[in-house]
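Participant: The listed protein sequences correspond, in order, to chains A and B.
Going by numbering that gives the first Met the number 0, the residue at position 302 of the first sequence is 301; the numbering climbs one at a time, nothing skipped.
Going by numbering that gives the first Met the number 0, the residue at position 229 of the second sequence is 228; the numbering climbs one at a time, nothing skipped.
It is worth saying that the hints were derived from the structure and are not from the lab.
One or more hints might be untrue.
As the list claims (entries may be wrong) - Some chain B residues well away from chain A (every beta-carbon gap over 12 angstroms; in silico):
hint : residue
1    : E54
2    : T168
3    : E216
4    : G341
Stated by the list, open to error - Okay, the calculated bits of chain B under chain A, using three or more residues with CB under 8 angstroms as the criterion:
hint : stretch
5    : 90-104
6    : 141-151
7    : 364-375
Here the structure is a predicted model, which means the values were calculated and not measured.
Where a beta carbon is used, it is the ideal one built from N, C-alpha and C, also for glycine.
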Amino acid sequence: MNVLADLAYWQETIIKVLIGLAAVLLPAGTIVYLYLFKMMSFMQSRLGPMEAGPFGSMQPLAEVGKWIQKEDIFPTKADKRVFAAAPFVVLMSTFLLVIILPGGPDATFVDLNVGIYFGLAVSSVSVIGILMAGWSSANKYSLLGGIRAAGQLIAYELPMILAVVGVVIQAGTMNMQGIVFAQAEGEIFGWGGIGNPYIITQFLGFVIFMIAIQAELTQPPFDMPIAESELISGYLTEYSGIRFLLFFIGEFATSGVFSAIAATLFLGGWYVPGIDPHNDIFNVIGPLILFGKMMLVAFFIYWFRFTYPRFREDQLQRLAWKVLIPLSLVNIVATGVLKVVL
Amino acid sequence: MSVSEQEQLAYIAAQAADARVNLELETEDGMTLNMGPQHPATHGTLRLVAKLDGEQVVAAEPIMGYMHRGYEKLTEVRTYPQVTTLINRIDWLGSFANEVPFILAAEQLMEVEAPPRAQWIRTILFEMSRIANISLYIGDMAVQIGATTPIFFAFRDREHILNQIERVTGGRFHPNFDRIGGLKDDLPAGWIEETKAVIKKMQTFCDQMDDLVAGNEIFQARTRGIGVIPAEVALSYGLSGANLRGSGVDWDLRRDQPCGLVYDQCDWKVWTHPDGDSYSRFWVRLQETREACNIVDQLLDNIPSGPIMAKVPRIIKVPAGEAYVATENPLGEMGYYVVSKGDLTPFRVKIRSASFSNMSICPWVLKGVFVPDIIAILGSLYFILGDIDR
Numbered sequence: 000m001n002v003l004a005d006l007a008y009w010q011e012t013i014i015k016v017l018i019g020l021a022a023v024l025l026p027a028g029t030i031v032y033l034y035l036f037k038m039m040s041f042m043q044s045r046l047g048p049m050e051a052g053p054f055g056s057m058q059p060l061a062e063v064g065k066w067i068q069k070e071d072i073f074p075t076k077a078d079k080r081v082f083a084a085a086p087f088v089v090l091m092s093t094f095l096l097v098i099i100l101p102g103g104p105d106a107t108f109v110d111l112n113v114g115i116y117f118g119l120a121v122s123s124v125s126v127i128g129i130l131m132a133g134w135s136s137a138n139k140y141s142l143l144g145g146i147r148a149a150g151q152l153i154a155y156e157l158p159m160i161l162a163v164v165g166v167v168i169q170a171g172t173m174n175m176q177g178i179v180f181a182q183a184e185g186e187i188f189g190w191g192g193i194g195n196p197y198i199i200t201q202f203l204g205f206v207i208f209m210i211a212i213q214a215e216l217t218q219p220p221f222d223m224p225i226a227e228s229e230l231i232s233g234y235l236t237e238y239s240g241i242r243f244l245l246f247f248i249g250e251f252a253t254s255g256v257f258s259a260i261a262a263t264l265f266l267g268g269w270y271v272p273g274i275d276p277h278n279d280i281f282n283v284i285g286p287l288i289l290f291g292k293m294m295l296v297a298f299f300i301y302w303f304r305f306t307y308p309r310f311r312e313d314q315l316q317r318l319a320w321k322v323l324i325p326l327s328l329v330n331i332v333a334t335g336v337l338k339v340v341l
Numbered sequence: 000m001s002v003s004e005q006e007q008l009a010y011i012a013a014q015a016a017d018a019r020v021n022l023e024l025e026t027e028d029g030m031t032l033n034m035g036p037q038h039p040a041t042h043g044t045l046r047l048v049a050k051l052d053g054e055q056v057v058a059a060e061p062i063m064g065y066m067h068r069g070y071e072k073l074t075e076v077r078t079y080p081q082v083t084t085l086i087n088r089i090d091w092l093g094s095f096a097n098e099v100p101f102i103l104a105a106e107q108l109m110e111v112e113a114p115p116r117a118q119w120i121r122t123i124l125f126e127m128s129r130i131a132n133i134s135l136y137i138g139d140m141a142v143q144i145g146a147t148t149p150i151f152f153a154f155r156d157r158e159h160i161l162n163q164i165e166r167v168t169g170g171r172f173h174p175n176f177d178r179i180g181g182l183k184d185d186l187p188a189g190w191i192e193e194t195k196a197v198i199k200k201m202q203t204f205c206d207q208m209d210d211l212v213a214g215n216e217i218f219q220a221r222t223r224g225i226g227v228i229p230a231e232v233a234l235s236y237g238l239s240g241a242n243l244r245g246s247g248v249d250w251d252l253r254r255d256q257p258c259g260l261v262y263d264q265c266d267w268k269v270w271t272h273p274d275g276d277s278y279s280r281f282w283v284r285l286q287e288t289r290e291a292c293n294i295v296d297q298l299l300d301n302i303p304s305g306p307i308m309a310k311v312p313r314i315i316k317v318p319a320g321e322a323y324v325a326t327e328n329p330l331g332e333m334g335y336y337v338v339s340k341g342d343l344t345p346f347r348v349k350i351r352s353a354s355f356s357n358m359s360i361c362p363w364v365l366k367g368v369f370v371p372d373i374i375a376i377l378g379s380l381y382f383i384l385g386d387i388d389r
């Protein structure tokens, strides 16, 4: 960390906070515009926003402006403090998640030696925020949505963790940086031309991880907590104005961060084949490469989102406990055996 | 202190209305969930009071009347030609189909018959409004189940049909085109060829929806075996239309009583499905849209020439008498019971609308299902609020 190492702790922290904010908000805005507004519209034979800016590209800003202006309504019977705090708790888990992401050999927020473990732990914090929102709204739809969300997120945390275990076994480390290096310097049966992106050797793990994050993000086909045709908006029903905006940012920023984690774990993170992974150039182009890979993963998330109908709650649980968890356990066993044998 | 009789009556009415608003279903325990009057799944102002145990419905009851517009009463102060304007608004997605049974009933009382050309064009427009109505239902059902995309395809392709209806009638949604004794106008030039092309598009749309919605595994998992209505229950609750055919009852007024419409002039099939669940109701409607395209396509080929209006007096006075005519509308059996005393206006009109009867099965079919299934069942029963509350 050549540049930042010379700075005082507070200077370094301010820079990191600003970069962290950008790392959460910029991908969220890009995803909202490119995928939610434009890709969805093109899939549905519409044009999407066209007025604000060239091809409507300023529309996310216009939306933010609109939500900020709106009245922040509290229901009469709501538990005011919990109601007010819930969106911040959800957003907090996003910010805690983003700090484990490495953007280059030296470009890290915090280089935790159990990075992915920490990430999976803090990603569950959002459940608390959602339960808070569901309970404090004093609305039966919110309550149903909150409880569905809690059941769903807990059920899908397990396959997600178990899918990551395969990667951790193969990389031999929980450090995100270590996982990237393991992929960059790895070999597929003795051939190291493109390193060893784990999407090849851990394809089952990748599929399980993608399904699990789809459910973690409560995106269709797993959007029962906010199922608009059943529960109006689930736990979001009573929120308006800036608090709704925070939930909204949280949703899309989290989808970006989870995509980036998937890109780091399975697609080699900031690394591209052909350049020595210790080269300093990666501190500059690494974040952009990671961003590109993240958008690729996010594309799949949103493609599924606009295509599939919604599961029922019991079908979702059945999928998690009867299909995904056994499959991921098989994946762990196979990975472990191969690791020992090879 | 004396209370007048009128005040007493007003008090009783207020109490009764209040009891309806604050309805509590009589069950052991559970949480009362009010779905509606404003709820995305009821696409209108239907209110569904459900008692839940967890997510399971213990009892449910639909409460109607939030959009009551008093059409049956209003018809008594409108002349016969004016009535069609009103009844256009009953099932607003397939408006032309609403006019036909009323006009047929009036024609029956007046003992006039529309010329063959008018009958053919009526049948074509009737089936086109069926396509317009049900194609939107197909997209809407997917939205109910949670897929956002098909509804936009439905809106896009329905527009072709609406354009063709507009070309003939001048009204995109509410044609108000049917007259006692015939039709207002003849077909515009080139309309038949254009409509043939549009029908091709709609057939492609049906194939697309067959793949995209009916063929989707999640859609099938959500609708198969959900909301099963056996044939005898369906008959006893007075279901009609695709809801009845989805339960395996081979019943179609187009084939059974084709009064005034020329369904016997073409080759088509009544689709039924034996399962009686949400999926079968959806499937039957999808096949019916195909069949309607097929009917229109055949009828367009050989429209007879001739006048489009029979000889009727300029000022229409319907002779005294009673007539009930029902047709197979997009939503099911729609009938008008018209009582005339020989005036300019009907003495009494009773509208038998399909959705109202279809909704009566709600308490029976919703018992014991989960909250997401309520939506799948309501969606597949397919009601239009204007058709429930006239």
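Participant: Against chain A, does G341(B) hold up as non-interface, every C-beta pair farther apart than 12 angstroms?
Facilitator: It holds; G341(B) is separated from chain A by about 50 angstroms at its closest Cβ, greater than 12 angstroms.
Participant: Check the non-interface label on T168(B): least C-beta distance to chain A beyond 12 angstroms or not.
Facilitator: holds (26 angstroms)
Participant: Would the non-interface assignment of E216(B) survive a Cβ cutoff of 12 angstroms against chain A?
Facilitator: violated (9 angstroms)
Participant: Three or more residues of the stretch 364-375 of chain B near chain A by CB distance under 8 angstroms?
Facilitator: Contact hint for the stretch 364-375 of chain B vs chain A: holds, 6 residues under 8 angstroms.
Participant: Would you check whether the claim that E54(B) is not at the interface survives, using Cβ distances to chain A and the 12 angstroms cut-off?
Facilitator: violated (7 angstroms)
Participant: Counting residues of the stretch 90-104 of chain B whose CB is closer than 8 angstroms to a CB in chain A, do you get three or more?
Facilitator: violated (count 0)
Participant: Do three or more residues from the stretch 141-151 of chain B put their C-beta atoms closer than 8 angstroms to C-beta atoms of chain A?
Facilitator: holds (count 9)
Hint compliance for this structure: hints 1, 3 and 5 are broken, all remaining hints hold.
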